[in-house]
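Hey, can you piece these two chains together into the complex? The hints should help.
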Amino acid sequence: MSLKNRRNLWHTATWRLGLLPSVVFAAGTGLSLLLAFTLVNSMVRSRTETWLRGESALLAELVEDSLDQPGGLAFIRTQASHALTEIDEEKLGTGGDEAAADTTAFFLLTDAGGGEKLWIGPAGKGPFLRALDRPEIRSGAPFVFRVSGWSNRFRAIRHLLPGGGSVTLGVWDLEAMALNRRLAWLFVWTWLGLFILGSTMSWLLARSILRGVERIAVAAESIDSQQLDVRVPVPRGRNEIAFLAMTFNRMLDRIEASVHQIRVMTDALAHDLRSPVTAIRGHLELAATQPDSHSRKEAVAVALDGLDKLLRILDTNLDIAEAEGGALRLNLQDLDLSILAGEMISFYMPVIEEKGLSLFLVQAPAVRLRADADLLRRALANLLDNAVRHLPAGCRVEVQVKQTPGGILLTISDDGPGFPDSLQDHAFDRFARGQSSEGSGLGLALVRAVIRAHGGEATLGRSVLGGAMICLDLPRAATA
Amino acid sequence: MRILLVEDDPAIRDFLRRALTEEGYTLTPCGTAEEALPLALAQEHDIFIVDLNLAGMDGLDFIQRCRGQGITTPVLILSARRSVDERVQGLEEGGDDYLTKPFALAELLARLRSLLRRAGPPEQEASTRIVVADLEMDLLRREARRGDRILDLTSREFALLEYLCRNRNRVISRTMILDQVWDIRFDPATNVVDVHIHRLRTKVDKDTERKLIHTMRGAGYVLKEP
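First to last, the protein sequences are chains A and B.
The first sequence begins at -8 in the numbering used here and counts up by one.
The second sequence begins at 48 in the numbering used here and counts up by one.
Bound-form chain B, shown alone (with noise of 0.2 Å):
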């Protein structure tokens, strides 16, 4: 997967190029919009990531640029405005997805993610059906069991669970968790989520060496099989 950056803040650059090329992806950083526009315009990329504050040409300019010439490469807009408006704007204008400064490298790469999976062929008909090692989820039934024990929990808990097992291996950052599954875009100032991922790890991981849900401190959850 190769990844063209625009971004002018040369530490921004230098961290996301570090950060990517561990995720496995190739990254061609750029610092400004001139240098960024032949690049995209010869289509080599799978997806842009675009600074908005750029000097010279505007990030929101180079977007246009693009869409102009008929590149319909996904588009995940960095931004440190963070008003509703211009987040709009910016979605508007020919951007797929914004994240603001600062960000979560997590935030970043599940983003990416769906980006990718959104422009690429289509997904298989959704399972009905998720296993992680001994940990069964019947999404029809709304029912979990571990081994031969049915869980049981509640209705935000199965969908906690669940966002946990689609993203096996990969870790969610809080503010993630607020969004997809308590559609909360704020940080609160209580420790609530970790409160509710610990009474769902109490009943996943009860009585069992083989933990799934893992705290990685600073960064968030992961659920991953032993």
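With the rest of the complex left out, here is chain A (with noise of 0.2 Å):
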């Protein structure tokens, strides 16, 4: 996928990082707001209702005692409309048209008959009476009903009177409608403020991090084979992106270094065909044009020679790239790596000592281990070569085999001049050859690829003769 797709907005991660902490945020916002909602219109309620049970209460007692009095009903209407007016007032600029009536609340009382003593309240009062008119309306509990003309619902309180009658007294319930409405308002736009707020806020961050991995995935299109060296920059801080951006670099630059590897060798090996290549077509060339049959024969030997060498080049580097590609099948057997050793030196001693070399084998007896004895012989046969070639007359080397805790150690040291320091940190390199050495470079390669095969590992030592040491540390049985 391409940058360009990836810009689809749907589909960034950006807006799934954003969109779900918003929701999330939205929905937990609007929960609690509609929970304070809830408990506010609860506690307008019933503090109406509170006004409307003391207040009744009240207005019934005054009727019981000085409705039957001279003058009783005159005094009546005067406690009511006083109630009345400071309920009015208490509600002072609960909007609707119906506010610009002088009253909102009312005061009935009935005789026993149900017919209205009474009234005050609103001009208007038959749709009231008629709506009051219902005998089965409890006394002293709450209850709402409509008036037509009203928009709003109305809120009461009967009390019935022992010598029958009743009084009503009840308010619009607009105010309670209208703090409701207020609030719902105010609550739906905070709730839009925050989800605006939180969704922008957590937009901005996830881009503000995913931007990072966009500058990483910026930088992983620029890479190809010709532009290895392009690094991503690593963001400040220790956070997770700087992280990924540390781990990446650290791939390219493994990456780079076999590049660069694959590209020494290559190099190596194609100068290294080159010159037995020249030798062996001159040398042929040579046979052709050559008239006496002897001079002839030689040449061609010489040639044959230089084929042998030339193979034995491309089988060690195809045997190096199996070992080290995991290729390799191992075919484990058990044996004695001290009566291996043994007979590799046997083998070898005639060379070893036309050389003007000596070799000492130190070996514990029985070192067992389980491993596959023809490549280790090829090792053993590398480490012999290699002193057979680069030593000079009269040093001395030494072969030791002992066991220690972890497995089998095989080091092979001499008094010699030691490898150069320019071999000393990747001698077990490909190609990893000193300035006057004529060999491959690749039989310490080959060496280590097998150890490292055998799930042990070869290493350059400090010898105590003087010159060069190599050690080879092998697990008693093969892992791979």
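Because the hints were derived from the structure by calculation, they are not lab data.
Note that the coordinates shown come from a computational prediction; the quantities given were computed from them, not determined experimentally.
Note that CB positions come from ideal geometry on N, CA and C, so glycine has one too.
Each hint can be trusted.
Using 30 Å as the maximum straight-line C-alpha spacing, the simulated DSS-like pairs for lysine-lysine come out as follows:
id, chain 1, residue 1, chain 2, residue 2
1, B, K148, A, K300
2, A, K300, B, K271
3, B, K258, A, K288
4, B, K250, A, K288
5, A, K288, A, K300
6, A, K300, A, K346
7, B, K253, B, K271
8, B, K271, B, K258
9, A, K300, B, K258
10, B, K148, A, K288
11, A, K346, A, K393
12, B, K271, B, K250
13, A, K346, B, K250
14, B, K271, A, K288
15, B, K253, A, K346
16, A, K288, B, K253
17, B, K271, B, K148
If we take Cβ atoms under 8 Å as the criterion, some of the chain B residues that face chain A in the derived model are:
id, residue
18, D132
19, R232
20, F233
21, P235
22, A236
23, T237
24, V242
25, H243
26, R246
27, R264
28, A266
What follows is the structure, encoded as structure tokens:
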């Protein structure tokens, strides 16, 4: 997927990362606002009802005491009007056209037959009286009812009088409704504001984090085999993106190193093949033009030797590649490394002696391990080849085989000139060789590949004899 | 001896035709397995040399078809595939021997001989004495003498001499010597074999004009009567 495609908003991680917290946040604030709204709503209602209860009980008592006395009705009217004014004053400015009316509360006194005795309230009492003519209304319990011509419900309480008749006190519920509406608006706006703020912030945050990822992607896009030196900018701080960038850069380091190694190797291989091929070609050309049959044979023979050498280089390279690539199937068998080393040394003894070297084998008895005998022989042969090739006459070589807590250790050390400094760090790399070396630079690389294929490791050591030392650590049973 | 060769590379076909004809074999070269199959089923050949990488029918298929038809003619596989797995597979699927390219002619000839020997009538009782000119080897007593001089040989030198004697008059490559005498299947970077041969030669051919061990430069060694 190209970067462009990923820009499709819906599919961006930024969008999703921003969206999810926003949704959760919105749901959370919405729920708590709803809760607050319900709470306030019920508080307002209970406040109204408390007032109604108290006032109506008071008025009922008043009616009972003074109705039968002279001027009682006028006294009741004054008291009730007073109470209604009080409530009207309290809900100042509760909007709506109806608020223009003198009052939105009412007081009704009826006689035993249900007929109106006293009405104080909004003009046009007819609809009220019709709505309130309901004998099933319980005494002392708040109830709500609608009046035609009024947009909102009324809330009221009725008290039945002991001597028949009833007192009803009610208020228009507009006040509570308006409060509710106002609250609802407030809450919706708050919720919207919070939602926009929250989602913007989480989106910005997600984007600032993911921009780091995008930068890595852009850098990755610009990397190809020709340009491996590109590195991703590492953001400040120690967050996951910085960690990702660092990991990514380390991976690039490794890839660059191995590509570099491959280049060095192909160059070296091409170089190594050129000279023997040139020599072989020369000798064969010589043979073709040589009149004398003996010199012709000689030239062909030299060419054949050259070809053998060439083949050895190719084969060894393939073997190392196989071993390093883990494609080597080990033919494991139980063997005694002391015996195997002894055999290889006696095989090499004539060359070692001819070269004027002395070799000592220091071995523990019965150093048993499970390994591939052919490959170990080959590794040992390469080490001995190296000794024969590079040591000046008179040098002393010591091969030691011993058990260690972790497995088996084979060392070969000498009192020769040792490895040149330039080789110290990469003696086991392919095509690593000293300036004056005529070797292929593959011997130690194969040794390491073989030892590693067995789950061991080959390292350079510090020889007590003063020269070079190579240590082969092997596990008792190959882990391959 | 008639040999059926299945090899798609004309250069190798040509080279083998010349080399094997010179050795006295009659060679029928084929470029594909399809072409070779009827010839193989006619059972007119003593040995098949089969390349594994063929266009069309694969070398292994060819061998399996032959074996499926009850043909028991020995098969020498030639292949550029050199991994142990492929070698094992080649041998398991009916091949009798396996030689990787590139190979030394001497080695191919040696392997052909040994395959033909195995396929032919059983050899007479392996002799306990080998005589080449005035060189005598007593295999039971592990003793070798040249004329009346007893040779002082190490056990490996004895084995090397025995191998050369058994293959007298034939060129033996270093690879074959390494494999047969030391059980080593790689080519050391130093001339270890040459030094061993040199040592053996100073013991065998010392103080005599009649040299037995000869170097064939570029090919290997041969032990032959002077």
